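Chains as they are written, first to last, in this note's numbering: chain A, 1 to 276; chain B, 277 to 590; chain C, 591 to 867.
None of these hints come from the bench; they were simulated from the model.
Note that this is a predicted model, so its numbers are computed, not measured.
By construction, the Cβ of each residue, glycine as well, lies at the ideal position given by its N, Cα and C atoms.
Do not take every clue at face value.
What the hints assert, rightly or not - Just so you have them, the derived chain B footprint on chain A, three or more residues with Cβ under 8 Å:
hint, region
1, 23 to 37
2, 44 to 52
3, 234 to 246
Stated by the list, open to error - Restricting the straight-line Cα-Cα distance to at most 16 Å, the calculated cross-link-like pairs of lysine to aspartate or glutamate (EDC-like) are:
hint, chain 1, residue 1, chain 2, residue 2
4, A, Lys165, A, Glu244
5, B, Lys330, B, Glu312
6, C, Lys743, C, Glu797
7, B, Lys437, B, Asp408
8, B, Lys283, B, Glu494
9, B, Lys437, A, Asp108
10, C, Lys596, C, Glu625
11, C, Lys626, C, Glu797
12, B, Lys500, C, Glu797
13, C, Lys743, B, Asp579
14, C, Lys675, B, Glu494
15, A, Lys48, A, Glu244
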Amino acid sequence: MIHTWRSAFRGQYAILICSIIIALFFIVALLAPWIAPHSPIKVDLLQKLKGPSMDHWLGTDHLGRDNLTRVLYGARISLGFATMIFLSSLLIGILVGSVSGYIGGWVDSILMRLCEGIMAFPNLVLVLGIVGIFGPGLMQVLLALMLVQWVYYARICRNMVVSLKERHFIAAARISGSSSWKIIRRHIIPNVQRPIIVIGTLEMGWAIMDISALSFLGLGVQPPNAEWGAMIHEGTSYIRSHPELMIYPGILILIVVITFNILGEALSERYGVTRR
Amino acid sequence: MIGYIGKRMLSVIPIIFVATLVMFALIHISPVDPAEAYLTAAHIYPTEEVLEQKRHEFGLDQPLLTQYLHMVGRMATLDFGTSYLTNQPVWTEVAARLPATVELALWSMLFAAVVSIPLGIAAAVYRNSWIDMLSRCISYLGASMPQFWLGYLLIFFFSVKLDWLPVEGRGTWQNLVLPVITLSLVLIAVYTRLLRTSVLEQMQQTYVQYARVRGLRERMIMLKHVLRMSMMPLISGMGINLGKLLTGTIIVEQVFSWPGFGRYFVDAIFNRDIPVIQCYVFFAACLFILCNLLVDLVQLYMDPRISSKGRAEH
Amino acid sequence: MENSGKVLEVDNLQVGLNNREQPQLLLENIHLTLEKGSILGLVGESGSGKSLTCNAILQLLNPRQMAVSGSVRLHGRELTSLPDKEMRRIRGREIGCIMQNPMNAFTPVYTIGSQFMETLRTHYPNLSKAQAREQAISALADMNLPEPSRLMKCYPFQLSGGMLQRVMIAISMCLRPALVIADEPTTALDVVNQLRVLRELHRLRTECGTAILLISHDLGVISQLADEVAVMQQGRIVEQAEVHQLFNHPAHAYTQTLLNARPLTALSGSRHAAKQK
């Protein structure tokens with residue numbers, strides 16, 4: 001790959017800008033209850049389907065709820081859940097991966113084959129299958145999404161542990177008296193943090209997409225909660241007269257996911273990590 | 277070579293076996309009681325005796341191994357049980373809806389190929405030009421835009437505003453246009469990028485230089501030599517794209533009320549119609565496995581280096 | 591306009607990087623002439639600009655990245671100002687080229703035969719498939735390659751470097767170019783195959799009267815085949831003389847360094863072997 005100054009510069013630029021945008025989204029999501037002008041779920045039929053005004057910058061929806069507020073709260077839900085899923089799947093992934101790599105043998109082989117199977121199989125189908133078996137509901141959805149995400153982190157950790165094992169790092173560290181925790185801290189974490197950051201970024205974006213898709217289908221976040229996918233679903237009934245109900249949340253999903261994607265790709269180029 | 281093919285085909289069997297195991301495990305973990313669901317759907321009040329009777333009928337009181345073997349046996353004859361909702365055999369319902377999904381999928385793949393191949397090549401040959409930027413935009417958009425949103429946007433513009441195309445349903449070619457565009461965008465996004473990278477890589481290779489040195493026409497070099505070599509990573513990436521295609525059909529069928537298998541699957545989830553869910557996931561798994569097998573075989577055909585032992589002769 | 595006998599004339603060839611910040615000259619002041627049936631050896635270490643010269647002559651440098659100036663004349667015809675279409679016709683048919691890396695020179699997914707035939711039919715569109723195959727087979731046989739008809743059906747990975755190299759020479763011979771540029775034809779080969787390739791190049795000159803621009807860092811190879819030798823260092827020709835003159839009485843210090851660097855026993859041994867053929 002020819003690295004010209006322009007592309008390297010653009011890469012750094014991209015990382016910076018995307019990180020700022022994402023940080024802004026997180027801040028907005030956190031502060032939503034304080035900065036939102038209205039309540040996201042309170043119904044006021046007198047105000048329904050009004051256009052943009054001073055009181056309602058983005059107008060109101062079919063139940064008189066302020067669109068801007070709902071969009072802000074939507075950020076809260078999407079980002080919040082995505083983060084939750086990321087953290088929990090990361091934890092499980094690290095645990096399973098490290099243990100698997102450490103034990104080795106047929107346990108390792110089976111686990112890794114399982115991971116490969118899950119990774120290759122389409123995400124949403126698997127999630128829908130799990131939700132189907134266990135019933136529609138927010139908890140089931142989150143659980144299902146977590147179950148398909150942990151495999152990526154597991155594989156990264158497992159590969160790292162195996163390579164460390166092969167290079168006798170662990171044995172050497174043991175001999176020199178380091179405790180397991182120290183081994184993890186000094187050898188494993190610095191080596192895995194880059195691939196994890198890259199994959200984590202991309203997975204956050206995909207998790208947000210999946211959450212909104214599931215909510216759109218009616219399986220994830222249930223009304224009256226303000227979630228972008230659910231809002232699109234509700235908005236489609238009014239597509240002829242008030243398409244903006246459907247357009248606002250969609251634009252936001254697009255912006256957030258594209259930012260995560262650009263950031264993920266820029267990071268992957270910078271760190272030289274291949275993803276998926 | 278036959279040995280390789282044979283080995284590959286045989287390796288499929290254990291994977292399918294694992295898939296059936298998973299299916300079986302899931303059914304038994306599920307909190308839904310098949311007997312109860314059946315009775316509810318048939319509008320029979322599930323008293324204890326009736327439940328016991330139904331459970332016995334379904335063979336739920338038999339040892340797990342027997343149940344498993346029965347299930348596998350039935351699956352082999354495409355008997356996936358009966359729908360909890362309609363009490364019809366699952367397979368008949370599925371078979372009625374499958375053609376619609378297949379139609380959607382095939383047209384989308386075709387459209388994606390027709391758009392992404394020229395775009396990918398152009399993006400590589402005219403690197404950093406406007407067409408490269410365009411392809412990059414399309415790739416990011418395709419990967420980041422929620423498919424259902426895109427579908428509705430298209431409906432809004434072309435059906436509601438312009439009234440050129442119908443809103444939903446399946447029928448004439450006009451019904452196909454919007455669903456196909458929606459479904460194929462995500463495929464186009466992936467293929468274009470992949471092809472661009474692949475072509476760029478190939479253009480650096482020695483054989484391209486030697487082809488020029490020999491005096492071959494540039495167009496022939498690109499279309500005959502480079503394209504053929506560039507296609508190979510694309511084909512091995514087909515598995516992932518099948519996944520996107522599958523996911524896409526579920527969503528697109530929902531948006532456009534397309535009467536296909538994907539929509540049936542979503543309905544089944546809402547209705548807790550376990551046999552249908554089971555059938556879909558198993559079907560998806562098999563499709564996936566077969567697709568990977570096919571990909572391997574096609575790669576074998578396309579790249580003579582893989583199969584033969586390749587001993588250099590002196 | 592035709593200077594009889596002079597096949598290639600390179601005058602004041604200069605190649606620089608199109609870097610606006612730092613104009614850097616990669617090749618400076620290159621003067622070369624080749625008469626019919628003669629072999630000019632181009633020697634130098636890696637990075638001295640030998641392959642660049644070869645690419646410049648063939649007009650294969652990317653004008654967006656490299657700035658080329660000077661004159662390159664083939665049979666008196668100026669190549670630098672030719673449109674791409676014309677130059678494409680000249681490549682292969684009037685200037686042949688044998689590349690350094692024979693293992694990667696052919697497209698891996700097509701057979702040798704199909705690539706041979708496509709080259710022939712590109713330059714002679716009226717050739718039928720059967721005729722092209724016949725010519726290819728006879729050219730391969732001419733190169734003393736075993737079982738030519740079976741070879742045609744082989745894929746590049748099934749042949750050794752030496753055989754692929756000779757296939758490249760065969761393709762060149764079929765088209766009967768006036769000039770052949772051989773870029774490190776023996777570098778990737780073992781000694782046995784090296785001798786075979788050199789033998790075929792020698793035949794090219796004697797039987798077809800082809801002029802050869804022989805590029806190599808291997809002085810042994812140069813000494814066996816070349817009539818004249820030009821020594822390159824950092825993009826410049828520092829010395830150019832008739833082969834015996836250069837080897838016995840080198841004028842430039844760099845030439846002397848190169849000559850000193852070679853293992854003497856290997857040189858005299860292979861020279862001896864070549865004389866015995």
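Hint by hint, here is what the structure shows:
no. : hint                 : result
1   : 23 to 37             : violated (count 0)
2   : 44 to 52             : violated (count 0)
3   : 234 to 246           : holds (count 5)
4   : A:Lys165 to A:Glu244 : violated (56 Å)
5   : B:Lys330 to B:Glu312 : holds (8 Å)
6   : C:Lys743 to C:Glu797 : violated (28 Å)
7   : B:Lys437 to B:Asp408 : violated (31 Å)
8   : B:Lys283 to B:Glu494 : violated (41 Å)
9   : B:Lys437 to A:Asp108 : violated (57 Å)
10  : C:Lys596 to C:Glu625 : holds (4 Å)
11  : C:Lys626 to C:Glu797 : holds (12 Å)
12  : B:Lys500 to C:Glu797 : violated (35 Å)
13  : C:Lys743 to B:Asp579 : holds (15 Å)
14  : C:Lys675 to B:Glu494 : holds (10 Å)
15  : A:Lys48 to A:Glu244  : holds (13 Å)
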